[in-house]
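J.: Listed here are the chains, written in short residue letters.
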Amino acid sequence: MDVAALTFLALALPFVAALVAPLLTRVLGHNAAWVLALFPAAIVLHFSGFWPEVSRGEVVTGGYAWIPSFNVSFSWLIDGLSLTFVLLIAGIGMLIVLYAGGYLKGHPQQGRFFSFILMFMGSMLGLVVSDSFLMLFVFWELTSITSFLLIGFDHAREAARRAALQALVVTGGGGLFLLAGLLIIWNVSGVTQLSLLTAFGPEMRESPFYLAALLLVLGGAFTKSAQFPFHFWLPNAMEAPTPVSAYLHSATMVKAGVYLLMRLNPVLGGTPEWQILLPLFGGSTLVIGAVLACRQTDLKLMLAYTTMASLGLLVMLTGLGVPQAIEAAALYLVAHSLFKGALFMVAGIIDHEAGTRDVTRLGGLRSAMPLTFVIALTAAFSMGGLVPFFGFIAKEEIYYALSGFDRRTMVFAALAIVGNALMFAVAFAVALRPFIGPRVDTPKVAHEAPILLWLGPALLAAKGLSAALLSGLTHQLVSTPMASAIAGEPRTVAISVVPHIGLPLALSIATAVIGVILYLKLDRLRAFIATILADIGWGPDRGFDQFIRGLVRFSVALTRRLQSGRLEVYMTATFILVAFVLLVVPLSYGEFPRAPYFAADVPLHELAIMAIAVIGLGAVVVAADRLTAIVSLGIQGFAVAVIFLLYGAPDLAFTQFMIETLSVVVLALVMTRLRLSPSDHRPLAQKVPDLAIALACGAGFGLMLLKVTGVPFDTTLTDFFNLYSKTIAHGANVVNVIIVDFRGTDTLGEIAVVMVTGLAILSLVRLRAGSLRRIADNDPDAEERA
Amino acid sequence: MKSVIFRAVAPFLTSLMVLFSIFVLLRGHNEPGGGFIGGLIAVSALAIYGIACGVETVRRAIYFHPMAIAGAGLFASTIAGLISIAARVPFMTGLWIYPSVFGVEIPLSTVTLFDCGVYLVVVGAISSIALSLEERGGE
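Residue numbers (the working numbering), protein chains in the order written: chain E, 1 to 786; chain A, 1001 to 1139.
Please keep in mind that the hints were generated in silico from the structure rather than gathered at the bench. Yeah, the Cβ is synthetic: ideal placement off N, Cα and C, and Gly gets one too. Be a bit skeptical, because a hint or two may be false.
[As the list claims (entries may be wrong)] Below are the SDA-like pairs computed for lysine to any residue, each with C-alpha atoms no more than 25 angstroms apart in a straight line:
| id | chain 1 | residue 1 | chain 2 | residue 2 |
| --- | --- | --- | --- | --- |
| 1 | E | Lys707 | E | Leu723 |
| 2 | E | Lys726 | A | Val1101 |
| 3 | E | Lys726 | A | Arg1007 |
| 4 | E | Lys726 | A | Thr1057 |
| 5 | E | Lys726 | A | Ala1052 |
| 6 | E | Lys726 | A | Arg1059 |
| 7 | E | Lys726 | A | Leu1026 |
| 8 | E | Lys726 | A | Ala1072 |
| 9 | E | Lys726 | A | Gly1103 |
| 10 | E | Lys726 | A | Ala1061 |
| 11 | E | Lys707 | E | Ala696 |
| 12 | E | Lys726 | A | Tyr1063 |
| 13 | E | Lys726 | A | Phe1064 |
| 14 | E | Lys726 | A | Leu1108 |
| 15 | E | Lys726 | A | Gly1071 |
| 16 | E | Lys726 | A | Pro1032 |
| 17 | E | Lys726 | E | Val670 |
| 18 | E | Lys726 | A | Cys1053 |
| 19 | E | Lys726 | E | Val708 |
[To be verified] Which chain E residues stay away from chain A? Per the calculated CB distances, all over 10 angstroms, these:
| id | residue |
| --- | --- |
| 20 | Val602 |
| 21 | Arg673 |
| 22 | Asp714 |
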């Protein structure tokens, strides 16, 4: 098989694994994780094969046509940026699968969990390798949907359901912004593939639609990457089981927004708008996230808010536009995935083994869980940016980028120092506080975790150390190609763990010192922040609830107004609209048909038939009871059918006869069923407007038909069908041949509609009044009252 | 319905109409008729039978649930289209064979199968509506 087919297979592999996961889990129990981890391992293996090309700075593209008529393809783009993401997603995914094997051991729905998380892995892989816009959007929304499934995994709890729905609304809604943004980019540039878009950077940036496209794309990226003020779904998403938090909500999915910004940086970046909006939102997210993290006592929530802060830092760096900022973003992104994934898993281990993850109720675990302690410390050193871990390299690069002396850079440098110092304090509050000090009684007696639990975080933490020690190799394979792909031009990353005396190192030391002080004063800091937050009272999280409630109220009010539930209102509205549409065009353009031409010598029998039709109509109007009216309507219909017959349309006449017969029967049946009074009791005040509407509709249809028949008849189709009906479709009855052969596919659709309509009517007839009322009773206000 | 004459005649009338509807269905390709009209005739036949002898009798007489008949029709029509794909021509292309039975050449085609499907859908869907209305109306 060639590389393209193998790549396609690798992208499909997680979905295959998701399919077999429940079965495997039924057979092997939690040990299925060992087998399932082979799938991501195979993906890592396959994509590692791209390293030689990518580290030379080449871009590998491939794919298949999907909908060629719309220029839509299933195509991928593998460069330094996407390859790094792929390896992070599949590599960490493999460890997460193992970890979930231990974490959810014995859970009745473990198979389903594996299935969801592998589906997510497939979606995320698809997202980061997508070359075509549509594919990017589809996978973007798929990650939102799988995230919804994973957050709501524990669906018996209301908090989990709410968090799942909130995440879906925020990130899925953001996806729609992204779609609109991509459509604008497509319209301006004319290409539908990211790999071709790079050439259109200048056109995009000078286009009058640039700002609209930018804002829409940012709407997608900021919601996905939890930027303030769209951050509130991320802490709530901690309702998910810890493997999900470690994987989706720290290492991969929340980085999709950052990925998008990095991907579009060569196209949309570099403008004043870009360099104002991104650092502004990113910087405020950084500080707000870090401050809110100190407020929490739940290990997972502390980590969640620092994740938000880190995402802010990444967005800020991506948009800053100073030298080395892109390189710093690339390094920090990788470092963050490694240490944050590990720390989340450590938090999960503590929760799993000690029975609580409240930092104030934990202490002295180091003797019971020495291995976990080492892992936690290793990851925290990286998060705190200490030598010789990968976090240090990233932080040095950040401070190198921010060590300019203009006012703008200094402001952002200050933000970075504050944010990093707070995150430093939180890192050690998570990784040190539960392990040191006197032993505190925990709900469960803590023991060291089994191998499935500690293997993942141990490997991630070790990776954070080895990647830094072998920084030359890391830069050659990962950092340099990635930074080049983000910048859209060749860049070189050369920083190593050996500290160099200079401003960046000084800033690093200052961060660590402030961090230590904050760590020691964390309890007082927490109380202080809590007081301030209590004074503010309102937050976007509550705002979301208010928004949703308002939306539901609005739609209920609107529905009540539009859907009165009275058939007369619906029919009146429909016919008024029909009359309006039919009459307003001829009236406003003065396009009236010519007066119809009446031949003098109409045969007597035709006159008689027309007379019958008119008498039938008259009988409808004057009929005393409804049954007579229905039958009279039938008389008119039969007369029309006879006219069809006389003018050489036997098929039409035939059908008309049958339809008239059946509608009289069905109408009569409906009438008895609805127990309508036998006669019509409308007051005159209602009869007159009804009559006016009826006359307007009739006049409209009459005018339209006269106008249409006044146009010279185009015989192209008639000639075609007459010519070919017998020769190629073997039928003399042109009407039937058209129905079943020339336009057979139409007919297939129509009979499907007939069948579905039949089913719908059948269920309406069978519904009882009581069940109808229950369906209509879907009103939150009523629920509140109850 | 209480009329004895109507009740006595209805079964024969219905059988004749159903027979006629099949005749109309099959001749449709060359003369006025076809699945749609044929189906409507059959539905009127069933409706008359139902008014005369009651819905239960009709349901027993047609044996299958009307919606099952409609479903079978839709299935037959889809199959008629898919046969063409199996024969490696575009979907819904008419295919014809002319087997000879007792020396008489009978033209058979996927188009005929398709038309029979249309007939069944119309019969099933509309008669199920009519029958359920009659059922309730009688109460």
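J.: If a hint holds in the structure, say so; if it does not, say that too.
T.: Going down the list of hints, with the structure as the test:
1. The suggested pairing of E/Lys707 with E/Leu723 is violated, with an alpha-carbon distance near 29 angstroms, which exceeds 25 angstroms.
2. Using a Cα cut-off of 25 angstroms, the hinted pair E/Lys726 and A/Val1101 holds, with the two alpha carbons roughly 24 angstroms apart.
3. Between E/Lys726 and A/Arg1007 the CA atoms are separated by roughly 45 angstroms; this puts the pair beyond 25 angstroms, and the hint is violated.
4. Proximity of E/Lys726 to A/Thr1057 is assessed by CA-CA distance (about 43 angstroms); at most 25 angstroms being required, the pair is judged violated.
5. With a C-alpha separation of about 43 angstroms, the suggested pair E/Lys726 and A/Ala1052 falls outside the 25 angstroms cut-off, and the hint is violated.
6. Distance restraint check for E/Lys726 and A/Arg1059: the Cα-Cα separation of roughly 40 angstroms exceeds the 25 angstroms cut-off, and the hinted pair is therefore not satisfied.
7. Proposed proximity of E/Lys726 and A/Leu1026 is supported: the alpha carbons are some 17 angstroms apart, at most 25 angstroms.
8. The suggested pairing of E/Lys726 with A/Ala1072 is violated, with an alpha-carbon distance near 29 angstroms, which exceeds 25 angstroms.
9. About 24 angstroms separates the Cα atoms of E/Lys726 and A/Gly1103, which keeps this hinted pair within 25 angstroms; it holds.
10. Between E/Lys726 and A/Ala1061 the alpha-carbon distance is near 39 angstroms, which puts this suggested pair outside the 25 angstroms criterion.
11. Between E/Lys707 and E/Ala696 the alpha-carbon distance is near 16 angstroms, which keeps this suggested pair within the 25 angstroms criterion.
12. Pair hint E/Lys726 plus A/Tyr1063 does not hold up; C-alpha atoms about 38 angstroms apart against a cutoff of 25 angstroms.
13. Taking the CA atoms of E/Lys726 and A/Phe1064, the gap is about 37 angstroms. The hint is violated against a cut of 25 angstroms.
14. Note on E/Lys726 and A/Leu1108: the hinted pairing holds, with a Cα-Cα distance of about 15 angstroms set against a maximum of 25 angstroms.
15. For the hint linking E/Lys726 to A/Gly1071, the alpha-carbon distance of about 31 angstroms lies beyond 25 angstroms, and the restraint is violated.
16. Simply put, E/Lys726 and A/Pro1032 have alpha-carbon atoms about 15 angstroms apart, close enough for the 25 angstroms limit, and the pair holds.
17. For the hint pairing E/Lys726 with E/Val670, the CA-to-CA distance comes to about 43 angstroms; that exceeds 25 angstroms, so the pair is violated.
18. Simply put, E/Lys726 and A/Cys1053 have alpha-carbon atoms about 44 angstroms apart, too far for the 25 angstroms limit, and the pair is violated.
19. Of the pairs offered as hints, the one joining E/Lys726 and E/Val708 is violated, with about 29 angstroms between alpha carbons and a cut-off of 25 angstroms exceeded.
20. Residue-level check passed: E/Val602 sits 25 angstroms from the nearest beta carbon of chain A, beyond 10 angstroms.
21. The beta carbon of E/Arg673 sits about 5 angstroms from the closest Cβ of chain A, which is not more than 10 angstroms, so the claim that it is off the interface is violated.
22. Every CB of chain A is more than 10 angstroms from the CB of E/Asp714 (nearest about 24 angstroms), matching its label as outside the interface.
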